[in-house]
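> Sequence:
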Amino acid sequence: MTPLKYLQAYPPHLQDQVRKLLAEGRLGDYLQQRYPERHDVQSDKALYSYALELKQEHLRNAPNLDKVLYDNRLDLTHRALGLHTAVSRVQGGKLKAKKEIRIASLFKEAAPQFLRMIVVHELAHFKESDHNKAFYKLCEYMQPGYHQLEFDLRIYLTWRDLPQ
Numbered sequence: 001m002t003p004l005k006y007l008q009a010y011p012p013h014l015q016d017q018v019r020k021l022l023a024e025g026r027l028g029d030y031l032q033q034r035y036p037e038r039h040d041v042q043s044d045k046a047l048y049s050y051a052l053e054l055k056q057e058h059l060r061n062a063p064n065l066d067k068v069l070y071d072n073r074l075d076l077t078h079r080a081l082g083l084h085t086a087v088s089r090v091q092g093g094k095l096k097a098k099k100e101i102r103i104a105s106l107f108k109e110a111a112p113q114f115l116r117m118i119v120v121h122e123l124a125h126f127k128e129s130d131h132n133k134a135f136y137k138l139c140e141y142m143q144p145g146y147h148q149l150e151f152d153l154r155i156y157l158t159w160r161d162l163p164q
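Numbering (UniProt numbering), first residue to last: 1 to 164.
Honestly, I wouldn't trust all of these hints.
[What the hints assert, rightly or not] List time: in silico DSS-like cross-link candidates among lysine-lysine, alpha-carbon distance up to 30 Å:
no. : residue 1 : residue 2
1   : Lys98     : Lys108
2   : Lys94     : Lys137
3   : Lys20     : Lys67
4   : Lys67     : Lys137
5   : Lys127    : Lys20
6   : Lys99     : Lys45
7   : Lys94     : Lys5
8   : Lys99     : Lys127
9   : Lys98     : Lys45
10  : Lys99     : Lys137
11  : Lys137    : Lys5
12  : Lys45     : Lys137
13  : Lys45     : Lys94
14  : Lys67     : Lys94
15  : Lys108    : Lys45
16  : Lys133    : Lys98
17  : Lys67     : Lys45
18  : Lys108    : Lys127
19  : Lys45     : Lys20
20  : Lys98     : Lys67
21  : Lys5      : Lys108
22  : Lys67     : Lys108
23  : Lys127    : Lys67
24  : Lys94     : Lys108
25  : Lys133    : Lys67
26  : Lys137    : Lys108
27  : Lys5      : Lys98
I should point out that these hints are in silico values taken from the structure, not numbers from a laboratory.
Throw the hints in and build the complete structure from the sequences for me.
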């Protein structure tokens with residue numbers, strides 16, 4: 001049985017469906033059918049604007065975003081698709097916190113739904129730091145169908161790992 005490292009937390013029957021698509025060589029077709037487009041958010045500036053727009057739409061009271069960028073150093077070996085950070089610095093007599101989001105560069109080539117899902121995930125961490133029920137409820141509020149997108153993103157990562 002082929003181990004599916006990105007899908008280990010999912011029930012066996014779902015993993016079996018993915019294995020069947022893999023065995024038949026149809027995993028890429030499944031993804032192409034569901035997610036035929038690629039987004040056009042290619043620069044860090046465009047990514048910042050994209051994330052800011054989502055924040056303004058759903059999280060107006062959350063802290064300001066100071067930096068949003070694609071990061072070549074983020075890779076799947078660290079299990080990081082994106083990172084959110086709050087960097088605190090002393091400036092004069094005040095403590096300033098800068099909020100940053102970094103998205104793995106491999107998502108420059110992904111479907112727009114996957115990019116949105118990752119940005120929503122990282123923005124949700126500004127309100128809820130842990131992956132708990134409230135966190136996923138917020139993700140679902142900002143991106144209806146969030147759970148299906150997360151599952152399909154994991155299928156996409158499985159497909160990317162296949163020898164081409």
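> Now, for every hint given, state plainly whether the structure supports it.
Hints versus structure:
1. Lys98 with Lys108: It holds: about 24 Å lies between the C-alpha atoms, which stays within 30 Å.
2. Lys94 with Lys137: Judged against 30 Å, a Cα distance of about 34 Å means the pair is violated.
3. Lys20 with Lys67: 41 Å, violated
4. Lys67 with Lys137: Status holds; Cα separation ~25 Å.
5. Lys127 with Lys20: It is violated: about 39 Å lies between the C-alpha atoms, which goes past 30 Å.
6. Lys99 with Lys45: Distance of about 16 Å is within 30 Å: holds.
7. Lys94 with Lys5: Violated - the C-alpha atoms of Lys5 and Lys94 are around 44 Å apart, more than 30 Å.
8. Lys99 with Lys127: 12 Å, holds
9. Lys98 with Lys45: 17 Å, holds
10. Lys99 with Lys137: At roughly 22 Å apart (the allowed maximum being 30 Å), Lys137 and Lys99 satisfy the hint.
11. Lys137 with Lys5: The given pair, whose Cα atoms are some 25 Å apart, holds under the 30 Å limit.
12. Lys45 with Lys137: 29 Å, holds
13. Lys45 with Lys94: 28 Å, holds
14. Lys67 with Lys94: 20 Å, holds
15. Lys108 with Lys45: 13 Å, holds
16. Lys133 with Lys98: Holds - the C-alpha atoms of Lys98 and Lys133 are around 26 Å apart, at most 30 Å.
17. Lys67 with Lys45: Given pair Lys67, Lys45 holds - Cα atoms ~9 Å apart, limit 30 Å.
18. Lys108 with Lys127: 26 Å, holds
19. Lys45 with Lys20: 40 Å, violated
20. Lys98 with Lys67: Given pair Lys98, Lys67 holds - Cα atoms ~8 Å apart, limit 30 Å.
21. Lys5 with Lys108: Distance of about 22 Å is within 30 Å: holds.
22. Lys67 with Lys108: Between Lys67 and Lys108 the Cα gap is close to 17 Å, so the pair holds against 30 Å.
23. Lys127 with Lys67: 17 Å, holds
24. Lys94 with Lys108: With a Cα-Cα distance of about 37 Å, the restraint between Lys94 and Lys108 is violated, given a limit of 30 Å.
25. Lys133 with Lys67: 27 Å, holds
26. Lys137 with Lys108: The hint holds at about 27 Å.
27. Lys5 with Lys98: 33 Å, violated
Of the hints listed earlier, those the structure fails to meet are numbers 2, 3, 5, 7, 19, 24 and 27, in rising order.
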